[in-house]
Amino acid sequence: MSAVLSSLTRRNRLTIVAVAALALYALFFASSYDQRILTLAGIYVIMVLGYQFIFGHAGALSLAQGAFFGVGAYVTGILASQYGTGFLLTFPLSIAGASMLALIVAVPVLRLASHYFALATLALSQLLLLIAVNWVSVTGGANGLPGVPPITIGDWQATRGTSLLLFVWGIAVAAMLVARWQLNPLRVAVFTVMRDAPLAVPAFGIDPGLLRLRAFVLSAAFGGAAGALFVHTNRVVSPETLGFGIMITCLTMTVVGGRFGILGAVIGALLLTHLPEWFRGLDEYYLVAVGVLLLAMVVFAPDGLASFFKQRRIPASPPGHAATGIEENATSVKTGVRVLEISNLSKRYGGIQALDRVDLSINAGEIVGLIGPNGAGKTTLANIITGIARADSGSIGSAGFDLTTATPTAIARRGIARTFQTPQLPDGLTVHEAVATAAANIGNTANKASSISARATTAIATCGLTRIADARCGTLPHGLRRRVEIARALAGAPHILVLDEPAAGLAPPEQAEIAEILRTLAASGLAVLVIDHNIEFLRPLATRLACLDAGRLIADGPLDEVLADDTVQNAYFGLVQQ
Amino acid sequence: MSAMPRVITAAAFLCALATGAQAEPLRIPVLVPITGFLALEGTSQKNGAELALRGSGVDFDVDDTATSPEIAVNAFERALTSGRNREDVVAVVAPMLGTQMLALVPLADEFAVPMVTVSGTARITELGSPNVFRFFPGDVVVKAAHARFAVEELGAKRPAVIFQTTAYGQSGRAELDRNLTALGHPAVIAEGLDVSVKDMLPVLSKVRDSGADALLLHLHSGPTALVVRQARAMGLNIPIIAGSAMHQPETAALLEPSELAGVCAESGASPISETNPDMLAFADAYRAAFDREPDAFALGQYDGVRMLLAAIRSGAKSSADVREYLSTQRYQGLAMTYASDGKGNMAHSAVILCYAGDSRVPAIVKRYENLTGVL
Amino acid sequence: MLGAQLALNAVALGAAYALVAIGFVLVLNATTAVNFAHGESVVAGGFAAVALAMLVPAGSAIPGIILLPGVLVLTALLGLAIAALAYLPIRNRPPVSVFVTTIAFGIIVTNGLNAAFGAAPRTAPALLGTGTIEFLGVTASRQSLAIIATAALLIGALAFVLQRTQLGRQFRACAQDPEMARALGIRLTRITLLAFALGTAFAGAAGLLLAHQFFVTPSDGAGLILKAYIAVVIGGWGSLRGAALGAMLIAFFEVGVASVSSQPLAEGLLYVAVLLVLLVRPDGIFGEPQRLRA
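Chains as they are written, first to last, in our numbering: chain A, 2 to 579; chain B, 4 to 378; chain C, -17 to 276.
These aren't lab readings, by the way, just hints derived from the structure by calculation. Wrong hints could be hidden among the right ones.
[Unchecked claim] If you anchor each label on the Cβ, the simulated ranges turn out as follows: (1) A:S32 - C:V254: 25 to 35 Å; (2) A:A21 - C:R263: 52 to 62 Å; (3) C:T171 - A:F402: 29 to 39 Å; (4) C:E161 - A:S525: 39 to 49 Å; (5) C:V254 - A:R391: 29 to 39 Å; (6) A:S32 - B:G158: 52 to 62 Å; (7) C:Q148 - B:D361: 50 to 60 Å; (8) C:T121 - A:W136: 29 to 39 Å; (9) B:P260 - A:W136: 57 to 67 Å; (10) C:Q148 - A:W136: 51 to 61 Å; (11) B:D361 - A:S32: 51 to 61 Å; (12) C:A98 - A:Q422: 53 to 63 Å; (13) A:G475 - C:T171: 21 to 31 Å; (14) B:D361 - C:I115: 53 to 63 Å.
Glycine included, each C-beta is placed from N, C-alpha and C at the ideal position.
Given these sequences and hints, build the entire structure.
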């Protein structure tokens, strides 16, 4: 026993003690009233756990959680009170109803950003509320429908008190397990990248639309489940379940407790259901006291009270466990084989011809430098290759696939990875986590957490970052962040690597380190396209040089020849010397 | 071994405590909405109950039920199961919000505690519960008076109805429809309004276009005043017969006396209009206690609690005794005589008040007694 | 004639909603903070007017314009309190925290007013006296005209300040890049306090005007902020003319559409229209003038 206890972390021991104390109190010392408040807290835990998916992890200000809760409430309320349908049918139907609604509205709504998404979800909620209030014959109107039976399964019934408390918290624990399963540390990291570095997500083969959809539907399912339990607890379904008040309660619980993690949901729900009850003695001023305390708590803990506890992280596996993923994939393409074929590519932005009939090809094992003055179209080309922008005409092919109109996600999955001019790394993730997010998307092999972690570890080792694998990205100097980006690109086991100004702003020793890494990679068969205008960086590195000027490719060939070319001299060095 | 005597002492002590608890004063928890959109009416309810209970020797605590069934059930459970002895609670003053009552009925039945309320929602006495006692004429009663006054006294042939899309409004609208149809003059137009509506021109222009010759309102306080003011401002001078919100002095205070000319309202009573000494004493005591004018909700709740106290005086010691008394006895209150119709409807008469245009105090122009709701 | 009357009423109501929205937009433009206590600030302005009017001996009806300076000062102080307690301490933390601190502040104001004044609807004196003006068969109350004029004046003044003055440039600088603004010598805290004081004083003026026309109760704040939020987002987050247009759109549905359908249906159609606008213009009607998203 003591051996088991001592093997737990301090936080886990603390949690177990707290849970045990609360359970003892709830089951043996609490009055029926106390148990009711705890039951309601359990229902809100489920709702908040759901809201954390969309609001916390996906970072979208959804104001539809109350609507999902209300849909769950009305599905159960109407079926149970009017048709006598049993819990075993109404409960799944409530979850399904809310999820279906989320799926239906997701298509037009999920592409909206920030407050526009908030307004769309708000309008949806208000519409449903309006229907509930005015469709009197079905919903009972503003009065709602009485006569919702207690939860009944066979001969067993949970009316109030201990039985209902245990049942609701049983479902809450099940919801926690689902949340924990859905939010493994890796997916949490992917969500973090999506929130804090949105550009990077599609570039590593992760489809942000699908991620958001998953979060939205999960939040709805949890909301629907909570709503169903809520009407069984109050024995009546009424428009308050769809009202804005419930939504605000949910938002407040999530912010006060924490936007991420089970602990945050539990703290927020427990605290906010009890807060008004504790202050009831203050008569008409009790809600003023609730407001004051709420304000104080958020000022004191803006990231939620649960932020005082540590969150789960992806453990960095020791280098000895490193897999051989990169070598496998990279060497599977023979050096010298053409891996990228760009032909006749054009792109206009407004009145500017950003790219004008560009032809370029890259072979495995080659390091191609792409130079050109500012505004020559270098980054545009990188963006089109990786699918972030789309060409007006022309084509891009790789290993027999036409990628001209492919999405960034599809392109990344075909083995084309990139880094960004401004590193797209979320401050809060460790190096290992940031790299692992990209390692998760090699579609074919088993995506077990251990193999993903191992691939990340290998990529980190390749870039010489093993010593800082557990450091937060936000704490790293610029040069190291560049290397983390390269490591992340490698973790997806690409055969083409596109680097957008990897040397910009770096000191010569740091540049040399990066050059060394790139040479090693090329030697193992990787095709590398380096966009830069720093000739001193490219001279010892590139096997071939291409030069863009005003959207046109004016030279392409061995480094020395291109540098000696008159057109290049004029377009490029002429400008520099001015 | 030596622990044994201590256990016995402790057990004896516990028994003493238990018998001691029997001597605790009786309790009547007051569970009413004093925050949120029904706070105005709920505060009247609270004040009426409080005035009756002060100095009565019965313990009471006021608990807010706000606006949702959830919080009403919380307050009910707290009053009955938290801390003190459940048996002391002989009755509960229950919220006037219909939705909350619908949620409380199964609980009251489970705990076998009678609930005394002034909620008008028709449905609450139709659920077959022996524990609901309504001391304000329900929608079945006041809407009969409302419709009959419009048709029979004012000669309305084409009445128009504007109702609130709240629990209060929808319940009253259904009863108005039923009564107007039975009287042979169904509403030519019936429009629902959210409480937040600010400009009444759209709905009033539709009333005018419908050719209505009387306007029946079933709205909360602020919207009632807005409709009256705007109808008069746009020259829509048909008679307006408002719901009981109009009789609340706070509603009349929003309007100029001249705007009130030709406005009538239904209510269970109008304490400020009466001149008998008992009512004057009640009104004075109410003003002294709360610095507000009394209304019919306060009076109804006052009468209801006074009937509870009468039950206790006559020897009722438990909730069962009190329920028995409420279901079988007649009680002469200030507003009217109360007696259950078998479903818990205690109040069966209503009054119609009209404003003359020179004051904010209405005169009672018609009393309807013994309205049963059977048409 | 009814059409013209409805149009006038819609413009007056739209002006009232615009008045509520512009203080919100001002704070947004200066700090990016989303102040969900703004609806309650409007209500507080209404009750400030009610309270000030009670100080005057009964019977002597004074016009609202005499009360206006007092209302502006009181609500500006409220704005300073919101900034100091609910925004400045967590300025650099997740913006959603500010949603909740301002919601909490709103709860305090609503329930404080409910406890102090009671729940009854109240009315405040008209800005320049009551009565109506008839013109070509259309009746306009003096108060409606006062609301339209005040809204036009304040929107014009705010547009001028934001676009043409040094203060407006400082506001924008603080909103877009606080660090850079600080480096340029702008006193961030002072600008923030000023923006909140001004924005909340605007709310106070709106409260005074609305309290006469439509009455005021302590629980009105939630409904007002809902309408202001819809107006601000649908117009384009942070755009002043967008917010004004959004307010007019809401009023058009509440008055115009309601007069040919019914109020609940008109409300439903408004939300459908909002969804359709977002479908066609995902960045609001006018798009975003600058990056202000919290």
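Verification of the supplied hints:
In this structure the supplied range 25 to 35 Å is violated for A:S32 paired with C:V254, their Cβ-Cβ distance being about 47 Å. Range check, A:A21 to C:R263: about 55 Å between beta-carbon atoms, so the 52 to 62 Å window is met. Taking the beta carbon of each, C:T171 and A:F402 are about 56 Å apart, not inside 29 to 39 Å as hinted. In this structure the supplied range 39 to 49 Å holds for C:E161 paired with A:S525, their Cβ-Cβ distance being about 42 Å.
Evaluation of the 29 to 39 Å hint for C:V254 and A:R391 yields a pass: the beta carbon distance comes to about 32 Å. In this structure the supplied range 52 to 62 Å holds for A:S32 paired with B:G158, their Cβ-Cβ distance being about 59 Å. The hinted range of 50 to 60 Å is satisfied by C:Q148 and B:D361, whose Cβ atoms lie roughly 59 Å apart. Taken as a hint, the range 29 to 39 Å holds for the pair C:T121 and A:W136, whose Cβ atoms sit roughly 37 Å apart.
The hinted range of 57 to 67 Å is not satisfied by B:P260 and A:W136, whose Cβ atoms lie roughly 41 Å apart. Roughly 55 Å separates the CB atoms of C:Q148 and A:W136, a value that falls within the hinted 51 to 61 Å. Between B:D361 and A:S32 the C-beta distance comes to about 57 Å, which sits within the given range of 51 to 61 Å. Between C:A98 and A:Q422 the beta carbons are some 58 Å apart, a value that agrees with the proposed interval 53 to 63 Å.
Checked against the hint of 21 to 31 Å, the C-beta distance between A:G475 and C:T171 comes to roughly 25 Å, which is consistent with it. Between B:D361 and C:I115 the Cβ separation comes to about 27 Å, which falls outside the hinted range of 53 to 63 Å.
The structure is inconsistent with the numbered hints 1, 3, 9 and 14, although it conforms to all the rest.
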